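Peer 1: The primary structure of each chain is shown beneath.
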Amino acid sequence: MDAIILQILNGLDKGSAYALIALGLTLIFGTLGVVNFAHGALFMIGAFCAVTLSRILTLSHTVIDETQKDFLGNPLKVDVPYIYDIFGQQTGDAIIDWAVPISILFAIPVMVGIGFAMERGLIKHFYKRPHADQILVTFGLAIVLQEIIKYFYGANPIPTPAPDAFRGSFDFGAMLGFDPNTIIYPYWRLVYFAFSAVIIGAVFAFLQFTTFGMVVRAGMADRETVGLLGINIDKRFTIMFGIAAAVAGLAGVMYAPINSPNYHMGMDFLVLSFVVVVVGGMGSLSGAVLAGFLLGILESFASMAVVLEILPGINQIIIYLVAIIILLTRPRGLMGRKGVMEE
Amino acid sequence: MFGLTKKDATLLVIVAILAIFAPFILNPFPEGSAMAQFNAGYPDLMQRLVIFGIFAIGFNILFGLTGYLSFGHAAFLGVGSYAAIWMMKLLTMNVIPAIIISVAVAGLFSLLVGWISLRRSGIYFSILTLAFAQMSYSLAYSVLTPITGGETGLQPKVDDPRVLDALLGGDSRRANLFGLEMGSTYELAVGGWIFTFNAGYYIAAIVMLAAFYLSIRIFRSPFGMMLRAVKSNQQRLNYTGLNSKPYTLAAFVISGMYAGLAGGLLVAMDTQVGAERMFWTASGEVVLMTILGGAGTLIGPVLGAGFIKYMENIVSKINKTVLEQWFAFMPDGMEDFFITIIYPFVGKGWHLTLGLMFMMVVIFLPGGLVEGGQKIGRIFRRKDRNSSDAELDAAKQRNTPPAE
Numbered sequence: 004m005d006a007i008i009l010q011i012l013n014g015l016d017k018g019s020a021y022a023l024i025a026l027g028l029t030l031i032f033g034t035l036g037v038v039n040f041a042h043g044a045l046f047m048i049g050a051f052c053a054v055t056l057s058r059i060l061t062l063s064h065t066v067i068d069e070t071q072k073d074f075l076g077n078p079l080k081v082d083v084p085y086i087y088d089i090f091g092q093q094t095g096d097a098i099i100d101w102a103v104p105i106s107i108l109f110a111i112p113v114m115v116g117i118g119f120a121m122e123r124g125l126i127k128h129f130y131k132r133p134h135a136d137q138i139l140v141t142f143g144l145a146i147v148l149q150e151i152i153k154y155f156y157g158a159n160p161i162p163t164p165a166p167d168a169f170r171g172s173f174d175f176g177a178m179l180g181f182d183p184n185t186i187i188y189p190y191w192r193l194v195y196f197a198f199s200a201v202i203i204g205a206v207f208a209f210l211q212f213t214t215f216g217m218v219v220r221a222g223m224a225d226r227e228t229v230g231l232l233g234i235n236i237d238k239r240f241t242i243m244f245g246i247a248a249a250v251a252g253l254a255g256v257m258y259a260p261i262n263s264p265n266y267h268m269g270m271d272f273l274v275l276s277f278v279v280v281v282v283g284g285m286g287s288l289s290g291a292v293l294a295g296f297l298l299g300i301l302e303s304f305a306s307m308a309v310v311l312e313i314l315p316g317i318n319q320i321i322i323y324l325v326a327i328i329i330l331l332t333r334p335r336g337l338m339g340r341k342g343v344m345e346e
Numbered sequence: 017m018f019g020l021t022k023k024d025a026t027l028l029v030i031v032a033i034l035a036i037f038a039p040f041i042l043n044p045f046p047e048g049s050a051m052a053q054f055n056a057g058y059p060d061l062m063q064r065l066v067i068f069g070i071f072a073i074g075f076n077i078l079f080g081l082t083g084y085l086s087f088g089h090a091a092f093l094g095v096g097s098y099a100a101i102w103m104m105k106l107l108t109m110n111v112i113p114a115i116i117i118s119v120a121v122a123g124l125f126s127l128l129v130g131w132i133s134l135r136r137s138g139i140y141f142s143i144l145t146l147a148f149a150q151m152s153y154s155l156a157y158s159v160l161t162p163i164t165g166g167e168t169g170l171q172p173k174v175d176d177p178r179v180l181d182a183l184l185g186g187d188s189r190r191a192n193l194f195g196l197e198m199g200s201t202y203e204l205a206v207g208g209w210i211f212t213f214n215a216g217y218y219i220a221a222i223v224m225l226a227a228f229y230l231s232i233r234i235f236r237s238p239f240g241m242m243l244r245a246v247k248s249n250q251q252r253l254n255y256t257g258l259n260s261k262p263y264t265l266a267a268f269v270i271s272g273m274y275a276g277l278a279g280g281l282l283v284a285m286d287t288q289v290g291a292e293r294m295f296w297t298a299s300g301e302v303v304l305m306t307i308l309g310g311a312g313t314l315i316g317p318v319l320g321a322g323f324i325k326y327m328e329n330i331v332s333k334i335n336k337t338v339l340e341q342w343f344a345f346m347p348d349g350m351e352d353f354f355i356t357i358i359y360p361f362v363g364k365g366w367h368l369t370l371g372l373m374f375m376m377v378v379i380f381l382p383g384g385l386v387e388g389g390q391k392i393g394r395i396f397r398r399k400d401r402n403s404s405d406a407e408l409d410a411a412k413q414r415n416t417p418p419a420e
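Heads up: the protein sequence lines correspond to chains A and B, in order. Just so you know, we're using the numbering used here here: the first sequence kicks off at 4 and counts up by one. Just so you know, we're using the numbering used here here: the second sequence kicks off at 17 and counts up by one.
Bear in mind the hints are in silico, worked out from the structure with no lab data behind them. Incorrect hints may have been included.
Said to hold, decoys possible - No more than 27 Å apart at the CA atoms, straight line, and that leaves these computed lysine-lysine pairs for BS3-like: (1) A:K131 - B:K391; (2) B:K333 - A:K153; (3) B:K247 - B:K391; (4) A:K131 - B:K247.
All figures in this text were calculated on a predicted structure; none of them were measured in a lab.
Based on the sequences and whatever the hints tell you, model everything.
Peer 2: So this is what it looks like as structure tokens:
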């Protein structure tokens, strides 16, 4: 029992990341009908927002510290972050420590801006062109974004730690009444799961309970009619693109402490999240979320030692295997609507 | 000639001439001059140019004609490579069996993948091929280590059985064609130039010409016509009572066999394989090649493959020192300015140039470099400029005197 719970928990962080990226992808697909291969790049840019903010916060200037001397008796030169000058050392340290959560505030406008720029500058011209063209142009864009990041941040992964308070792990099993030391779980993964649950909830609530969301949903169902009612649906869809970009970006920001950001993390997640979208059903928001968690957890079950003994290597291919089976038996995906992309 | 129309025959002859004289054409700068690093006439690169040309020609038969965008073709290249290296280990270092088996195995594998993937079209097809390719990659990397060598890859070893080699009395430890080693090279020094003629390159080039000829025949055949019909409107085709699946499957298998051939040739040239050859970005690369050159055109994929491989090997070598040499004649401030602007696009950043060019091509030139060339050609043509294809036909009729 505890082993099963442990695997479910282990699958949650990857599952959350899949679900968030897939949610954005399917949001874009459902509203604009565009297959966005650059969505993984948005996830990566989000992670690098966290890197950027922690670099900005630790920007420092050199001062001569008279209180410390080296062995020759000369005063030492020390680097002091600018943030100390503004907030003092204690608050400054705390802010640097909390760089990743703070980057959320910084990432939202950045990601929404990038999303607007992408939609207005590029994707807008590809609505009427075949899906193959959309895949190709966004694939090219993904390469470009990836290379820009590589140019500025280098090819090596950049460790971006979580705040001190959330570092390390705790005995989750003991809290649930199992034997101690059976289920040890890192704090940050729990935070990540809770965070993604909040984001997913917020997106659904936004679509469900606001007038804006209602119009968007109507537009997803029948774009032309909504347009004929005199509503500027294009503008709303552009905003939805910005929101989808922000969702991917936030997923990236919070993922940075789990896996050090590197320039190809977007491409790594992109393929998997497309598989997730297809399994969940193209254009279905709840399907994307469900399939994201399902596949994340399935993957972690497949990497159990017991399973690997019987089926070696299954953890590497399980997701693709599931996707192939689903596509062949139920092309519409788990929760896909009828008629979306069916030929 | 060879059952081709005059226009196609001319194209084939031009490609043949380019391939035969490639060691001269690709080596325009004298050895030791500042521009010598743009010389691409060394065996390793020339072999890659033609081998990836074959890969792209094959991909174009699927994508260019039917419009089915496969993101998993590197898997067939990889499977072909593994098959070829096993032939070398077990039978003989002669490349003929290796290449034949690589085509056959890749054909069988693509038959399986195609049979399953072609049940869906559009983006679902792309995702299915992608899933299959990633699966093959993961398997080659981990579980199938006894067959694929896993992380380290495979290469021929001294104590491999090589049954046929002992039987035939050949004892060459290098890849060869009946004793002619792939690596054997003749260097011709003329003035400041050094031209290299490499056996492996010419063998690959001959195979490429054969592959190119075959692709022209496929393009001009009724079968090719049927594939075009699939691209233009599959639904309408199905309504006429025609089952398009056998045609698309045949195209898929043919393109898979081309990929296998390319994989076999790659092994014949450098006698080693690694799983990274099958990673999905490698499939993306052949997509880039085909689109960049011009999907659906005959010569486009070859041009695209040559272009990308040239950039990968030459542009990526331009580092900061080289740039400093180039702009050394400028005043300091201007030199720094130009270097700062150009540096992100060359050297390690050449992928950025590639990505940007690719985007430009998809946005502005859906027909690729070939269409670009045609557009430029049309500007320089004197009569009836600014006319579309249909108008060109009309113009031709207008300008030809009526037959008596």
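Peer 1: For which of the previously enumerated hints does the structure constitute a violation, in increasing order of number?
Peer 2: The structure conflicts with no hint, since it agrees with every one listed earlier.
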